[in-house]
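A.B. asks: Sequence:
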Amino acid sequence: FGLGYLRLNRPLQAGMLVTIEPGFYQVPAILNDPKRRETYQNVVNWERLAEFVDVRGIRIEDDVLVTETGTEVLTQQLPTAIADLEQLTQTKST
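1 is the number of the first residue of the sequence shown in the UniProt record's numbering; add one for each residue after it.
Hints are computed from structural coordinates only; laboratory data are not their basis. Every residue gets a Cβ at the ideal spot worked out from N, C-alpha and C, and that includes glycine. Just to be clear, a hint being listed does not mean it is correct.
No more than 25 Å apart at the CA atoms, straight line, and that leaves these computed lysine to aspartate or glutamate pairs for DMTMM-like [stated by the list, open to error]:
1) K92 x E47
2) K35 x E51
3) K92 x D54
4) K92 x E51
5) K92 x E61
6) K92 x D62
7) K35 x D54
Have a look at the derived ranges for each label pair, beta carbon to beta carbon [unchecked claim]:
8) A50 x A83: 22 to 30 Å
9) R37 x L65: 38 to 46 Å
10) A50 x L85: 16 to 24 Å
Throw the hints in and build the complete structure from the sequences for me.
C.D. replies: Take a look at the structure:
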């Protein structure tokens with residue numbers, strides 16, 4: 001997808017707060033496009049992906065503070081493990 005989707009394109013300075021947002025989104029119109037399916041046939045397991053058709057998106061982000069000496073992850077203590085998230089939301093993944 002490239003740099004066209006980059007939201008922050010400037011030098012970071014101490015005191016700035018940014019989010020790191022890895023995400024997974026399923027958009028049926030994109031996933032069912034025959035041209036895209038052919039293009040990505042070697043890197044996407046389409047059968048496995050179909051098992052998660054009910055999941056439209058997942059994003060677990062971190063809030064990161066830029067400091068004078070580096071960075072500090074402010075959300076470091078939040079759960080990211082599947083079991084912890086299931087317990088927190090009282091759901092069970094399949």
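A.B. asks: Could you run down the list of hints and mark each one as holding or not?
C.D. replies: Hints, one by one, checked against the model:
no., hint, in the structure
1, K92 x E47, "holds (21 Å)"
2, K35 x E51, "holds (21 Å)"
3, K92 x D54, "holds (13 Å)"
4, K92 x E51, "holds (15 Å)"
5, K92 x E61, "holds (21 Å)"
6, K92 x D62, "holds (23 Å)"
7, K35 x D54, "holds (23 Å)"
8, A50 x A83: 22 to 30 Å, "holds (24 Å)"
9, R37 x L65: 38 to 46 Å, "holds (41 Å)"
10, A50 x L85: 16 to 24 Å, "holds (22 Å)"
Checked against the numbered hints above, the structure breaks none of them.
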